[in-house]
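Take these sequences, add in the hints, and give me the full structure.
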Amino acid sequence: MKKLGLLLLTLLLVVSCGRDPKGTVDKFIKNVQTKKFEQAAKYAVNDEFSKDMTLKYDNKTQQLFFESLFKNMKYEIVSSEKQADGSYNVKVSVDNIDVQKVFLTIYQKLFQEAFTGKGTELSVEDEFNKVLGSDNVPKAKNETTFKVVKSSKGYKVDVAPENIDVLFGKFNSTLSNLNSLGEEKTTTDTIQQAPVDNNLQKTDPLKPLNNK
Numbered sequence: 001m002k003k004l005g006l007l008l009l010t011l012l013l014v015v016s017c018g019r020d021p022k023g024t025v026d027k028f029i030k031n032v033q034t035k036k037f038e039q040a041a042k043y044a045v046n047d048e049f050s051k052d053m054t055l056k057y058d059n060k061t062q063q064l065f066f067e068s069l070f071k072n073m074k075y076e077i078v079s080s081e082k083q084a085d086g087s088y089n090v091k092v093s094v095d096n097i098d099v100q101k102v103f104l105t106i107y108q109k110l111f112q113e114a115f116t117g118k119g120t121e122l123s124v125e126d127e128f129n130k131v132l133g134s135d136n137v138p139k140a141k142n143e144t145t146f147k148v149v150k151s152s153k154g155y156k157v158d159v160a161p162e163n164i165d166v167l168f169g170k171f172n173s174t175l176s177n178l179n180s181l182g183e184e185k186t187t188t189d190t191i192q193q194a195p196v197d198n199n200l201q202k203t204d205p206l207k208p209l210n211n212k
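This note's numbering numbers the first residue of the sequence shown as 1 and each following residue consecutively.
No wet-lab data here; the hints were simulated from the structure.
Some hints here could point you the wrong way.
What the hints assert, rightly or not - Computed beta-carbon distance windows for the label pairs:
1) R19 to K60: 37 to 47 Å
2) S87 to S134: 35 to 45 Å
3) D85 to E125: 45 to 55 Å
4) G133 to D58: 33 to 43 Å
5) D20 to A114: 22 to 32 Å
6) S151 to K109: 42 to 52 Å
7) F111 to S151: 46 to 56 Å
8) V45 to F70: 35 to 45 Å
9) V149 to A114: 15 to 25 Å
10) G86 to E143: 32 to 42 Å
11) S87 to K109: 44 to 54 Å
12) Q108 to K150: 46 to 56 Å
Unchecked claim - Calculated pairs, EDC-like style, for lysine to aspartate or glutamate (alpha carbon to alpha carbon, straight line, at most 20 Å):
13) K35 to D47
14) K147 to D47
15) K60 to E143
16) K109 to E127
17) K91 to E81
18) K35 to E81
19) K147 to D26
20) K74 to D47
21) K147 to E76
22) K109 to E121
23) K141 to D98
24) K22 to E143
This one's a predicted model, so the numbers in the text were calculated from it and none came from an experiment.
From the three backbone atoms N, C-alpha and C, an ideal C-beta is built for every residue, glycine too.
What follows is the structure, given as C-alpha cells:
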C-alpha cells in the first residue's frame with residue numbers, strides 16, 4: 001500500500017511539472033488558452049505568473065478584443081532543440097487574430113470616411129466590434145520560441161514577453177508601434193493621420209505583455 005501511495009505521488013509530481021520540454025510548453029499554453037492562469041503558473045519558472053497574468057478590462061472594446069483572442073488562439077508544437085546550457089528551445093506555431101490588420105482595416109475606413117465628405121460619424125468602438133465579431137476577422141500565423149529549463153521540480157517554461165505577445169496576435173507590439181503600423185502595406189502619412197483609440201492604449205489587460 002505504501003509503495004502504491006509513493007508511486008501515485010511520483011506520477012502526480014511528474015505530470016504537474018512537465019515530463020518533457022514539448023509537453024511542458026503544451027500544458028502551459030493550453031492553460032493560458034483556457035484562462036487557467038494558476039495552473040499555467042505551475043509550468044512557469046516565475047511562481048508569480050498567476051498573479052501577474054490578470055485580466056482587467058477598462059472598456060467593452062478591450063474585453064471583446066481579448067475574448068476574441070482567447071477564442072481564436074490555436075497552436076502547434078513545431079520542434080524542440082536542446083541547447084549547450086542544457087535548456088531547450090521549443091518552437092511553437094500560433095494562429096490567432098491578426099491584430100495589426102484589424103487596426104489597419106479600421107483606421108483606413110475611418111480615414112476614408114473623413115475625406116469622402118459623406119458626413120457620416122463612425123464610432124471606433126463600433127467598428128472594432130464589427131470586425132472582431134465577423135466570421136472573416138483577419139488572422140495570421142506566427143512562430144515563437146519558448147525557453148524550457150530543468151529545475152528540481154521538473155521542466156519549467158522561462159516565459160518571455162515575446163511569447164505572450166505572439167500568443168495574443170502581437171497585440172502589445174502593435175500598440176507599441178502604432179505610428180509605424182503597416183508601413184509595408186500603407187503609406188506612413190496615412191497611418192500617422194489615422195485616429196488612435198486611447199481606450200485601447202490606456203491599459204494592457206494582460207500584465208506580462210509589459211514585463212521584463
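Tested hints:
1. About 41 Å separates the C-beta atoms of R19 and K60, a value consistent with the hinted range of 37 to 47 Å.
2. Between S87 and S134 the C-beta distance comes to about 41 Å, which sits within the given range of 35 to 45 Å.
3. At about 47 Å, the beta-carbon gap between D85 and E125 stays in the expected band of 45 to 55 Å.
4. For G133 and D58, the Cβ-Cβ distance of about 19 Å falls outside the hinted range of 33 to 43 Å, so the restraint is violated.
5. Between D20 and A114, the C-beta spacing of about 54 Å breaks the proposed range 22 to 32 Å.
6. Range check, S151 to K109: Cβ separation about 49 Å, and the 42 to 52 Å hint holds.
7. For the hinted restraint 46 to 56 Å between F111 and S151, the CB-CB distance of approximately 51 Å keeps it satisfied.
8. The hinted range of 35 to 45 Å is not satisfied by V45 and F70, whose Cβ atoms lie roughly 23 Å apart.
9. Distance hint check for V149 and A114: the Cβ-Cβ separation is about 51 Å, which falls outside the suggested range of 15 to 25 Å.
10. Here the CB-CB span from G86 to E143 is close to 23 Å, at odds with the stated 32 to 42 Å.
11. Range check, S87 to K109: Cβ separation about 45 Å, and the 44 to 54 Å hint holds.
12. The hint said 46 to 56 Å for the Cβ distance between Q108 and K150, and at roughly 48 Å that hint holds.
13. With a C-alpha separation of about 16 Å, the suggested pair K35 and D47 falls inside the 20 Å cut-off, and the hint holds.
14. A distance of roughly 16 Å separates the Cα atoms of K147 and D47; the hinted pair therefore holds under the 20 Å criterion.
15. The straight-line distance between the Cα atoms of K60 and E143 is roughly 29 Å, outside the 20 Å bound, and the hint therefore fails.
16. Using a Cα cut-off of 20 Å, the hinted pair K109 and E127 holds, with the two alpha carbons roughly 9 Å apart.
17. A distance of roughly 9 Å separates the Cα atoms of K91 and E81; the hinted pair therefore holds under the 20 Å criterion.
18. Distance check on the hinted pair: K35 and E81 sit about 28 Å apart at the alpha-carbon level, beyond 20 Å; violated.
19. Between K147 and D26 the alpha-carbon distance is near 13 Å, which keeps this suggested pair within the 20 Å criterion.
20. The suggested pairing of K74 with D47 is violated, with an alpha-carbon distance near 25 Å, which exceeds 20 Å.
21. For a cut-off of 20 Å, the pair hint linking K147 to E76 stands: about 16 Å separates their Cα positions.
22. Under the criterion of a C-alpha separation no larger than 20 Å, the hint pairing K109 with E121 is consistent with the structure, at around 11 Å.
23. Restraint check: the Cα-Cα separation between K141 and D98 comes to about 8 Å, which is no more than 20 Å; the hinted pair holds.
24. For the suggested pair K22 and E143, the alpha carbons sit about 15 Å apart, so the restraint of at most 20 Å is met.
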